[in-house]
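Heads up: the sequence lines are chains A and B, in that order. Residues in the first sequence are numbered consecutively from 0, following numbering that gives the first Met the number 0. Residues in the second sequence are numbered consecutively from 0, following numbering that gives the first Met the number 0.
Honestly, the hints are just simulated from the structure, not real lab data. The beta carbon of each residue, even a glycine, is placed where N, CA and C say it ideally should be. Keep in mind that the hints are not guaranteed to be accurate.
[Claimed, not checked] Pairs of lysine to aspartate or glutamate, DMTMM-like flavour, derived with a Cα cap of 20 Å:
1) B:362 to B:323
2) B:281 to A:111
3) A:3 to B:38
[To be verified] Where chain A lies over chain B, by a calculated footprint (3+ residues, C-beta under 8 Å):
4) 164 to 176
5) 202 to 209
6) 358 to 372
7) 404 to 414
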Amino acid sequence: MQAKRTFEFYEKVPPGSTLEVTVKVDEGGAQNDALVVSSAGPSDDETWTNTEILHPQVGRKTLHAGHGYAVRVSTFFQATVQGRVEIGIRKPNGTHHSTPYHWPLEGNQGGDHLCGVFIKMGGGA
Amino acid sequence: MRAWIGVALLTSLVVSGAPLTAQTALEDFQCGDEGHEDELWIDCFTRYTTALKQGANGLRKAEETADAAQPKGVRLAKAQAQDDLTTDVASDDSTTKRDFLSMLLTSLASDNFEDSDGELRLAYNFGPDAFGGKGIAGLSFEAVAKDPQVFDQLLEQIPEDLRASQKGSLEGELEDFDDLETRLHISFLGGLGGTSWGQRPVTEYSTRLFESVVENLNHEIDARETEALREVASLQTSPETPSLGSKVSDTDPRVAAAVEAVLLAAGKAIVERHQALARLLKETNFYRLGDLVANQPQLYLTLSARNRDDLVGPDEKSAKLSYEFGTGNFNGLNRKCKGKPAGQATLDCYSDFLTDNKDLLRKPLRLKLEAEYMEVDPYSFSVDLSGGMNGEGEGGEGGEMAATTASLELDKVEKLVAALTIGKALKLEDSDAKDDPTVLTRFDFQSKYEDVSNDPMRQDRWVSTLTLSQRVSEESSLAVSLIYANKPEFRGMVDEEFSARAGLKFEVDRATKPKK
């Protein structure tokens with residue numbers, strides 16, 4: 000589902016689900032930088048570099064009961080770019096929780112894009 | 000009771016300090032204020048971050064709100080394909096190709112379709128990702144169904160008094176895909192030292208440089224963002240926290256104040272960090288890397304075919320190969336900085352390279368070599384004029400027997416073109432501060448040879464032009480060109496004639512600045 004907002008949100012996420020972040024853009028078209036912050040503290044945070052989330056790579060993180068999360072993805076265009084940032088949550092059974100969000104990337108060298116999600120866990124929170 | 004604990008927890012976040020600093024960016028910003036009475040929490044967050052970004056960067060392009068409706072071109076192509084399916088299967092090769100391509104166009108119909116000026120255009124682009132970053136830097140396929148027109152040279156064979164009526168009749172026989180052009184364009188990016196071809200080394204270096212810049216970002220800014228986001232994450236653990244998809248106005252005012260403070264603090268910290276990184280990327284000349292890549296050796300191959308119905312004209316094929324490069328390219332950077340570890344060493348080496356090669360990068364020498372081969376198939380076609388004559392010319396009283404057919408026969412034509420282009424800025428506006436200084440003086444040289452030996456309508460030619468451009472004011476430049484042609488008729492008009500084949504030409508361009 001195309002995101003309508005800079006940041007979107009997920010609620011009632013089943014514990015044990017996996018956060019998935021990827022950026023689909025031509026190699027050399029953009030540089031990306033992502034951060035996942037957990038309410039559990041810095042030891043549960045995650046930082047993903049460009050190569051870790053540039054498609055076909057996917058940044059993955061298991062989401063635990065009782066925690067809350069905030070995810071931020073920054074993109075900086077090195078060339079004229081058309082692509083998308085995708086953030087989704089896969090439940091322990093492998094299906095998607097709600098619908099994955101995607102943000103279109105479109106711009107020229109020197110342009111940038113900012114997006115993310117907030118996550119509230121279900122059951123046991 | 001639990002609700003009150005939640006309120007106390009949230010209120011403590013406000014009292015604890017950090018979130019209150021959010022208000023310093025947009026002092027009077029409030030979620031759910033006048034004009035936004037039905038606003039959701041998540042929408043308030045977006046409105047705030049957008050306002051912060053606009054405040055620093057000016058107006059931003061609005062986000063796309065809806066997918067465009069299916070283009071008209073798709074509908075037309077589908078209708079055409081349906082028609083094709085209900086008509087007889089064509090037997091000749093060119094018609095089969097046209098039918099296949101029309102079906103292909105339809106089966107691939109998507110947002111890549113455009114319909115303009117009577118043309119249907121389908122274009123697909125594949126970046127280096129599609130080829131694993133090795134060798135091919137890009138591939139594009141384009142198919143254009145042009146608005147078919149009756150071949151002019153064929154019309155000229157029809158007696159003038161019948162031409163208009165015959166033209167109308169022949170146009171009625173034309174179909175949508177009777178003039179179809181397909182083009183395949185492949186680009187290869189020069190690899191290290193020009194000995195290999197591939198995007199991967201450039202991408203790897205680019206990522207290392209980007210990460211080095213990120214490491215240089217003020218750690219306090221990074222830490223502020225992380226902690227502000229942690230407050231939002233913590234908010235998500237409290238059952239008393241309203242859903243971010245709920246209305247601000249539906250939230251208990253005491254809880255709302257705390258939620259607002261946390262969200263706005265996070266918004267401010269995120270935008271602050273994003274913009275600080277954007278600034279740092281500019282300050283470290285990160286984007287100049289794109290210029291170095293643009294100057295890398297590049298090879299382009301374009302293959303095209305134009306398939307036409309006999310009524311429209313002969314079929315054509317062409318192949319074009321181009322090689323270009325500029326001095327001050329990624330190869331030089333790689334030679335200097337290869338093997339430097341990510342971090343300050345990479346950043347320092349990059350900066351040194353830009354400084355050491357400043358003149359070369361600002362005034363690169365660019366060279367381009369092109370070779371093109373074109374072939375127009377032999378053509379033979381006759382139009383039956385008897386229908387259009389309505390019995391006239393059948394040997395009327397005392398009259399001559401009028402022609403009942405108009406025929407046109409053309410031989411195969413081949414053309415070979417080779418061209419060399421060299422350009423260089425010689426003098427720039429005296430400003431070190433500008434990233435993209437205005438070029439004051441530059442020279443361009445082009446030499447082009449065309450071999451059309453088997454075309455009776457044309458002659459082989461070789462024309463060379465050396466141009467010196469000088470900017471003379473803010474909005475005008477003077478260009479002096481020395482022109483030499485191997486045959487006088489190709490030299491063109493000159494202002495100062497040296498001989499039948501050579502001369503000088505002066506031009507004042509008041510509209511544009513000299514090219515870089």
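Cross-check of the supplied hints:
no. : hint           : in the structure
1   : B:362 to B:323 : 16 Å, holds
2   : B:281 to A:111 : 12 Å, holds
3   : A:3 to B:38    : 14 Å, holds
4   : 164 to 176     : violated (count 0)
5   : 202 to 209     : holds (count 4)
6   : 358 to 372     : violated (count 0)
7   : 404 to 414     : violated (count 0)
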